[in-house]
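Start counting the sequence shown at 146; every next residue gets the next number (the numbering used here).
Note that these hints are calculated values from the structure, not bench results. Hints may contain errors.
[What the hints assert, rightly or not] Below 27 Å or equal to it, Euclidean Cα-Cα: the simulated BS3-like pairs (lysine-lysine) are:
#1 339 <-> 364
#2 310 <-> 359
#3 181 <-> 227
#4 310 <-> 181
#5 196 <-> 181
#6 359 <-> 339
#7 196 <-> 218
#8 310 <-> 218
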Amino acid sequence: DAPLEAAVGGAFFGIYLNSGQVCQAGSRLLVARSIKDQFVAQLVAMGGALKMGNPLDPTTTMGPIINESQLRKIEGYLDTGKREAQLLCGGARATEGDLARGLFVQPTIFDGVSNSATIAREEIFGPVLSVLAFDDLDEALRTANDTMYGLAAAVWTRDLNTAFKAARGLRAGTVWVNAYHGTGLQGMPYGGYKQSGLGRELGSAGLEEYLETKSVQIKLF
């Protein structure tokens, strides 16, 4: 029930920041089935408007992949995704003009993705988005939590009751509401659940990483 443009923009930023090479990239997108087609159409249009190129060029909106081995890994996931789901856009290395001299991957969106699919369960670390549909919040939470990872998640809604239910139910170290990659608040503890992250950074929880805990037990006579 959030404004559609805001949710689309947040989801887009969540996956394509740094060409998806972010540990907390929003690579799985769960969308209410009733608005999925409209939502995805706007995402595809935004992807087509991205300008890949030299990150030092102020007109560039998406840069390259960090190295060739990571490019090859992403290409392998693209091939897998084409077998597992419906490719809506991208799906290949970008080789037009000067891009051929660099390591660029087209912004990619797969639709109709099963949560059991490889592209939904493994960390791709590239500009590849998997779209899954849900019918109600409980289903969305079950799907979101059905993963070995739990670093970050986000939910878009106007309803604070929905926001709090999602925040409580999501098994992730960070949950943003109506934003992705932060809301401007600094110093919040950062870390993951399950197989994501090691301990916590920032906040009082981060300071505890530098402390030792001692248990002293005394039996009185």
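Against the structure, test the hints numbered earlier, and report the numbers of the ones violated in rising order.
Checked against the structure, the hints that fail are numbers 1, 2 and 8, while the rest are satisfied.
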